[in-house]
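J.: Take a look at the letters that make up each chain.
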Amino acid sequence: MYIKNKSILREKISANIKEYMIFIIAFGIFIIFSIVLFDKGFLTGVNILNIFRQTAMISVMAVGYTFVMATGEIDLSIGSTIALTALISAIVVGKFGILASLIAAVSFGALIGFINGFFVVKVKIPSFLATLAMMIMVQGFARWITQLRAISVTNKTFNFIFGGGNLGRVPILFIWTLLFIIIGHFIMVKTSFGRKVLATGGNQVAARFSGINTGNIKWLLFTVLGAIAAITGMLYTGRMTAARYSYGENDLFTIMAAVIIGGNSIYGGKGTVVGAFIGSIIIGMVNNGLILFGLNVDLQIIFKGAIILLAIILSPKE
Amino acid sequence: MVGRKLENSIVSNFRNIDRKGNPRFEVKDLDLGGKEKVCFKLWPGEVLGIAGLLGAGQTKIVQSIYGVEGKYRKDIFVNGEKVNIKSPADAIKHKITMVPEERLVQGLVPEQSVKQNICMSIFDTLKRGWFINDKKVESIANKYVSDLSIKTASIFKKVKYLSGGNQQKVVISKNLAVNPDIIILNDPSFGVDINSKQEILKIVSKLASEGKSIIFVSSELEELTFACDRVLIIKDGYIVNELIKNKEVNITEELILSAIQ
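Chains as they are written, first to last, in this note's numbering: chain G, 1 to 318; chain Y, 319 to 579.
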């Protein structure tokens, strides 16, 4: 009986060792940067908190994207949705207040996601194409309604809650991050919904044969991702006290990279929210480190791309 | 079949099915485009075989019943009541489950563990509050591993590492976990070793003796002869014949073979 338990334990550990690997990698990078960039101030409280501020938007999106990727789908429209919902929230908060702007932005984001889901599930267009088309249309819409101008937000409470505020030394963005990670993690790991998501991604046909409504699940995940993009848009807006159509422009790659580095598979079937968070932190540390190194902005971009590619290659895969 | 011959003691294998009462399950006017529409009834404790040449319509019939195939018009009655089955979820709701033809494509999520695969149809019933009760998941998985003699290093092993026969038993476990009244098995012995084949047939017999209704689609005549109380013969999309086992007359392989040509 004892031996049987021991082998079950070993089985469980070997199944999880790949997930633990991502923590080890992140910790390793942290140690290296702390040593190499010590005199550039990497380890200071201010810098660490800054890393959390800078990674918050990516981390929040990565939670939602983990679910979509776990079903084997892709969403290219998230960057544009972030921008459009940011602009909508800025427009509405000025006239109608915070609650109205939250409802407006989230509804619009959810609507975009709903339309994505409709085309993927009901019309059966590959998600790459459907969300690519949405991305272009939403981007165009965002540029059109604002005539390419930024929209400033003067509501101090809005800017505090959605982005800029601090509770003591803790940035509100960190709290948002924690909130999404914790909720996302528990949904994926501890609910029947999470199990169905993983089954859908692992083998959609078998999941359907088992009585799982895979179409509805995917549809819901696209919709929720759109809503999360709206929250992210509002976080950008609050942090910058203004909404710009360029928000989220370059985030698609970073979000997908974070989720993949974290150990998720683009083919679906794997869903680790915590991994995606660690992936986001790794990218954030690399970003931060490159800035502290004092590299040219252009070189920063090249290095960032190269390092992220390397991380994806090295990340736990089947 | 190389190896052991199946026990074929008709005397001990005859089940006295009471077909006088109302059928537990009935299919009416299932239109596969054949000369006639498909109609049949199924009683508690009965194993109904469906035999025919490849592509005669067996899979179309069972996949229509199970809600996977929506193309064909049909009327389905469970315990006398008309039911609408548009998806496997609907079928399961009415306590109808299926062990599908293609194990790895339709029956299992290969990268997931034995325990997740066994419980795949019943996640919603395994909650404690908002969250899944993992202890319950594990105990159910362990129960079926022991009841059906599934050979696996542990319930955490990925199901792709199991042999064909043991994989099939996982699929059967998934079915049984729903506590179904009607179980469809489509070619359950395909790619299964001889030992597991025997065990699966024993499981089918046991389920029938417990009062469950079974639809058994197979191209292995020996199995149909051994396991079934009645056999429907399908040809070109409709039922051409029905063979019934009674106390004196067995359904022989020759009979089936001549009927399906």
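Worth flagging that the hints you see were computed from the coordinates, not collected in a lab. Hints should not be assumed to be uniformly reliable.
Negatives, chain G to chain Y, calculated, CB over 10 Å [stated by the list, open to error]:
hint: 1; residue: I103
hint: 2; residue: G164
hint: 3; residue: R195
hint: 4; residue: A206
hint: 5; residue: A207
hint: 6; residue: G211
hint: 7; residue: I212
hint: 8; residue: N213
Now the in silico label distances, taken between C-beta atoms and shown as ranges [as the list claims (entries may be wrong)]:
hint: 9; chain 1: G; residue 1: L309; chain 2: Y; residue 2: D452; range: 50 to 60 Å
hint: 10; chain 1: Y; residue 1: C357; chain 2: G; residue 2: Y20; range: 56 to 66 Å
hint: 11; chain 1: Y; residue 1: Q579; chain 2: G; residue 2: I125; range: 37 to 47 Å
hint: 12; chain 1: G; residue 1: G168; chain 2: Y; residue 2: G388; range: 56 to 66 Å
hint: 13; chain 1: G; residue 1: G168; chain 2: Y; residue 2: N451; range: 19 to 29 Å
For each residue, glycine too, the CB sits at the ideal point set by N, CA and C.
J.: State for each hint whether it applies.
T.: To see whether the hints hold, each was checked on the structure:
The beta carbon of I103/G is kept farther than 10 Å from every beta carbon of chain Y, the shortest such distance being approximately 25 Å. Annotated as non-interface, G164/G keeps its C-beta farther than 10 Å from every C-beta of chain Y; the closest such distance is 33 Å. Distance to chain Y contradicts R195/G as a non-interface residue, since its nearest Cβ pair spans about 5 Å, not more than 10 Å. Chain Y draws A206/G into its interface by the beta-carbon criterion, the shortest separation being 5 Å against a cut-off of 10 Å.
With a minimum CB-CB distance of about 7 Å to chain Y, A207/G fails to clear the 10 Å threshold, and the non-interface call is violated. With a least CB separation of 4 Å from chain Y, G211/G falls inside the 10 Å interface cut-off, contrary to its annotation. A cut-off of 10 Å between C-beta atoms contradicts the statement that I212/G is not in contact with chain Y; the least separation is 7 Å. For N213/G, the condition that its CB be more than 10 Å from all CB atoms of chain Y is violated, with the nearest at approximately 6 Å.
In this structure the supplied range 50 to 60 Å is violated for L309/G paired with D452/Y, their Cβ-Cβ distance being about 37 Å. Distance hint check: the CB atoms of C357/Y and Y20/G are about 58 Å apart, consistent with the given range 56 to 66 Å. At about 45 Å, the CB distance of Q579/Y to I125/G agrees with the hint of 37 to 47 Å. A hinted range of 56 to 66 Å holds for the C-beta pair G168/G and G388/Y, which are about 59 Å apart.
The hinted window of 19 to 29 Å between G168/G and N451/Y is violated, with their beta carbons roughly 38 Å apart.
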